[in-house]
Amino acid sequence: MPLGGQPGRRARASRRRLKLSRSLVLAVLAVALSSAAGGLAYFIPAAATAIQATGQIVSVASPTPTILFTPSPSPSPVTQGGPFTVLLLGSDDDSKFSSDHVLTQSMILVRVVPATKQVTMLSIPRDLWVPLSVGGTGKIDGAYSYGGAGAAIATVARNFGVHVDDYVWVGLLGLIKVIDAIGGIDMVTTNPVMDDYYPQDINSGDPYGYQRIAVMAGPQHLDGTHALQYVRSRHNDLQSDFGRSRRQQQVLIAIRQKAKRVAPADLPNLAAAIAGELKTSIGLDRVAELLPLAASFDNPDAIQQIVLLPPYTHGGGPGGSVTANWSLILPLVHQYFP
Amino acid sequence: MISRFLLAAGLAVLMVISGFGSYLYLGTRQSKLATPPQKPIAASPRAQAYVLPGTLYLAQSGALYSLSAGRFHQLTPEDGWMQPYLYPDGSSLLAVKRSGYHSDVFSLSRFGAVQAQLTNNAAGPRSYDTADNHWSFYPRLTPDMRTLFMSYDEPKYGFDVNMSVWSMPVGGNIRQARLWTYSNDYTGGDVEPIPLSNGAVLYTKYDYGDPPDNKLIAQLWITTRAGTYGRALTSINDDCLEPALSPNGRELAMICTHEKQISHLVIAPFDGANIGPLQEVITDQLVAQPTWAPDGSGIAYLAPAEANGPFQLWFLRKDAYHPPVPTPMPSPTPTPGTHLERSPRPVLYYPPVVVKPIQVTSFLGFDASSPLAWSN
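Note that the protein sequences, when read in sequence, are chains A and B.
Residue numbers for the first sequence follow my numbering, so the first one is 1 and each next one is one higher.
Residue numbers for the second sequence follow my numbering, so the first one is 339 and each next one is one higher.
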């Protein structure tokens, strides 16, 4: 071929070829990128759920809406490694109520002191008659229904005189799914839980239906459905909601114990289980910080469990509610939630 | 030199393989937490597993299984079967079949064939109240096999549903039944009756414990006559349940939880009316349903193989709780013509024998709320 002329067929073919070394580099890059993409695809559902569930912005539904706090990037009131208080909320997110306007059947204040590995759980009776942050007076379980998590937090904070750093809300269906996703929990059920009128409102199509349950007593492995029966039934308990609060605390501790065995590769399944059934104001970065901390708590018996039995509360309030004896409750709360 | 076309095609294939490969690899890295337990007939005890004497009857996922000579046999379909109990003469089984709203006691052959339905707890066809149904649990027979003891949810008042200990003639009906115990309101009641040869009945009673917590606790109780208020054998703080009488009737095995989320295997001497000091035998497992071997060689029980896992079958040899008495070394006998020097008396040291429990099964998931039965 003459110099400067049109390249010949062989030369064109030569330009369409790459050297072996370049080909190898490309192959390595391709493998790395596609492997990362495969891993990303595996964790994308979990990440999406985590982003959706965490970092919820909380506001109070009042005549003048007030932002209580927002998740990161705004500075968190929780100091790095310092004590913090979380309000756990559990609802029967059934079809009796419209979405996000459900009662909170379970309200538990949890204070964690990472330095000393102290955990204190205070169950708040759902029927406690208190001034609500959204105005008026009513049972404390209605605060979430009227004004969402912000109203529930503000109501608890104002009545109990505590600072709540974050909240976690779990639907009861989510509780079933989470327990099933981690393969069930081992517990010692304290007594036979018998209920002839247990709500049959989950996946039944009849939010007002009921069924019979009998959860046997003693050590056993519970799946999500039976664990929920154990924590939710309150008809056959002399302590009514107080007994149920105690059972809820037992199940929470059992879930925490089991969760220590969860592997990172389990996250997509767990995320699928809790999708739409869990909301928290805790930011994703903070969740990542807290996971190792949670794993380091290895003695469930060291968790202080408080239930506001009489004389801290007594029945006979309006509409079957429970009345607080604040002169006893507040010193107790300030002792454990300074 | 490689053709660009070939390289592009090769890289595309490589990327597809590595992309899917990493996705699938991560899937394999999931923990086995949510893996359902195997069926016992799919996974017999390991070849090197300890073979238990006689035949053991257990429940898993609503089916009854027998374990004999190291092999499981499924006796019933997965249809709510639980709480097997062997007739005192070993000829048949009693078991509970549970449905959504009621449970009934059945007599079964040792191969699982239904022989008779002994209770009829389903509400009538025209009933619209779920409370018209009843539960029968923990069936037991008297030594003469003529009377059935069980926990039955009567009397009940509205939301207050408790089990009490009842007896009824085998082959009779609930109208002929007698109420033996008065359960405490809103506790779950009286369960796990064991009719004794002296006519008394041992059972577990639930009650509210001491203030300020007033936690619900379990105690072993004994009563000698129907309709009388019995007496407690164990303390509130011990929180003991699931009693099992030894084959010779002189010892009790039970679990005690001390009002916590733990359960210790405990044994105690028993004379038919009183219980001796409690001896904790296993304290590092979540023990359930202790059951004496009929030949007295040990105690079988259920416990997770790893923390927070399904319950497996374990066996604890008798040496663990009744260590053999060490035989003293024979003292030297002087023989004529020998002179024994006076020397300090030798101190004999017998190292403590540590007998560990034997894990009989793996990867199964027995119903830990269902007692076991064990025949010769």
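Think of the hints as simulated: they come from the structure by calculation, not from any bench.
Among these hints, one or two may not hold up.
Below, simulated DSBU-like cross-link-like pairs (lysine-lysine); rule was C-alpha separation at most 35 Å, straight line [as the list claims (entries may be wrong)]:
hint: 1; chain 1: B; residue 1: 656; chain 2: A; residue 2: 117
hint: 2; chain 1: B; residue 1: 553; chain 2: A; residue 2: 260
hint: 3; chain 1: A; residue 1: 177; chain 2: B; residue 2: 553
hint: 4; chain 1: B; residue 1: 370; chain 2: A; residue 2: 258
Verification of the supplied hints:
1. B:656 / A:117: This hinted pair is violated, its Cα atoms lying about 40 Å apart.
2. B:553 / A:260: 28 Å, holds
3. A:177 / B:553: 29 Å, holds
4. B:370 / A:258: 12 Å, holds
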